Amino acid sequence: MVSDLSPRLDVVFHALAHPARRAIIRQLSGGERNLSELAAPLKMTFPAATKHVRVLEHAKLVRRRVAGRQHFCRLEAAPLKEAMLWTESFRRSWEARFEALDSLLDEMSSDEQSRARRR
Amino acid sequence: MSPIPATSPKSLHISTPTDTTIILIRAFNAPRRLVWEAMFTPDKMRRWMLPPPGYALTTCQCEPRVGGALDMAWKSDEADPAMTLRGKFTEVVLHERAIHTETMALGSGQEIGSLLEKHEFAEEGSVTTMRITQTYDTKVARDGALASGMDQGMEACYQQLDAELG
Numbered sequence: 001m002v003s004d005l006s007p008r009l010d011v012v013f014h015a016l017a018h019p020a021r022r023a024i025i026r027q028l029s030g031g032e033r034n035l036s037e038l039a040a041p042l043k044m045t046f047p048a049a050t051k052h053v054r055v056l057e058h059a060k061l062v063r064r065r066v067a068g069r070q071h072f073c074r075l076e077a078a079p080l081k082e083a084m085l086w087t088e089s090f091r092r093s094w095e096a097r098f099e100a101l102d103s104l105l106d107e108m109s110s111d112e113q114s115r116a117r118r119r
Numbered sequence: 001m002s003p004i005p006a007t008s009p010k011s012l013h014i015s016t017p018t019d020t021t022i023i024l025i026r027a028f029n030a031p032r033r034l035v036w037e038a039m040f041t042p043d044k045m046r047r048w049m050l051p052p053p054g055y056a057l058t059t060c061q062c063e064p065r066v067g068g069a070l071d072m073a074w075k076s077d078e079a080d081p082a083m084t085l086r087g088k089f090t091e092v093v094l095h096e097r098a099i100h101t102e103t104m105a106l107g108s109g110q111e112i113g114s115l116l117e118k119h120e121f122a123e124e125g126s127v128t129t130m131r132i133t134q135t136y137d138t139k140v141a142r143d144g145a146l147a148s149g150m151d152q153g154m155e156a157c158y159q160q161l162d163a164e165l166g
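Protein chains in written order, with this note's numbering: chain Y, 1 to 119; chain L, 1 to 166.
Since the hints were derived computationally from the structure, they do not count as laboratory data.
Incorrect hints may appear among the rest.
[Unchecked claim] Stretches of chain L that chain Y covers, calculated by requiring three or more beta carbons in the stretch to come under 8 Å of a beta carbon on chain Y:
#1 8-18
#2 41-48
#3 99-106
Here the structure is a predicted model, which is why all the values come from computation and not from measurement.
Where a beta carbon is used, it is the ideal one built from N, C-alpha and C, also for glycine.
Working from the sequences, and respecting the hints, build out all of it.
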């Protein structure tokens with residue numbers, strides 16, 4: 001299960017590993033944008049911004065459609081969900097452990113208090 | 001060393017700041033002396049280090065002092081030991097910071113990964129925030145660790161889905 005998931009996740013995590021690309025994703029979460037709208041707040045040249053969009057496209061996080069001379073981008077959430085699910089499982093097993101640790105600590109605290117009272 | 005960001009109990013933060021590290025931050029409603037004791041005392045560790053499904057913890061040794069050993073073993077229905085974890089403490093500041101190595105191996109002796117684990121504890125108003133920094137040898141190993149709960153995670157998801165559909 002892991003081995004056939006990892007290559008795809010590699011691409012997604014690589015895509016997420018740059019602040020400009022995360023900014024693009026944030027912008028796109030508000031709806032479809034064209035390339036110049038995406039490039040404007042990034043304080044970088046148009047070709048540089050386009051390169052980031054291409055990385056996101058490769059990870060299938062962004063889909064581009066061409067209308068006349070305009071390129072419109074929109075967010076594809078499915079690979080993001082997959083990446084979240086992947087980390088989520090690690091979180092789940094640690095959360096279970098930490099919940100057990102919570103009850104142990106409760107027990108240790110009350111043991112200590114009752115010992116202190118007896119003294 | 002960066003300060004440990006205070007967090008509220010019961011919320012676990014996981015981040016992967018570099019390709020080979022995982023950082024876990026979690027707070028507990030207890031003084032750090034007790035959290036330390038729960039983390040590093042064998043009879044206490046047995047209570048919270050829940051084994052993977054189908055496994056049972058057989059050996060649990062932990063000596064949190066420089067040069068002290070960490071030694072754990074699990075058995076399954078098929079093998080005893082089915083899995084071992086061995087390591088050594090390389091740095092210990094009582095109730096504050098502990099660093100240890102660990103190498104996991106299958107019962108057959110085949111190593112399945114090693115990492116360096118750092119525990120740090122900060123106490124504020126009887127709440128202890130613990131930060132665990134795991135550093136793996138490679139990105140593949142790190143990703144493998146993150147994915148290791150996958151079966152369990154997926155199962156829990158399916159059960160949730162079943163409940164929704166039920």
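Inset, instruction - Mind listing which of the numbered hints don't hold for this structure, in increasing order? - result: 3
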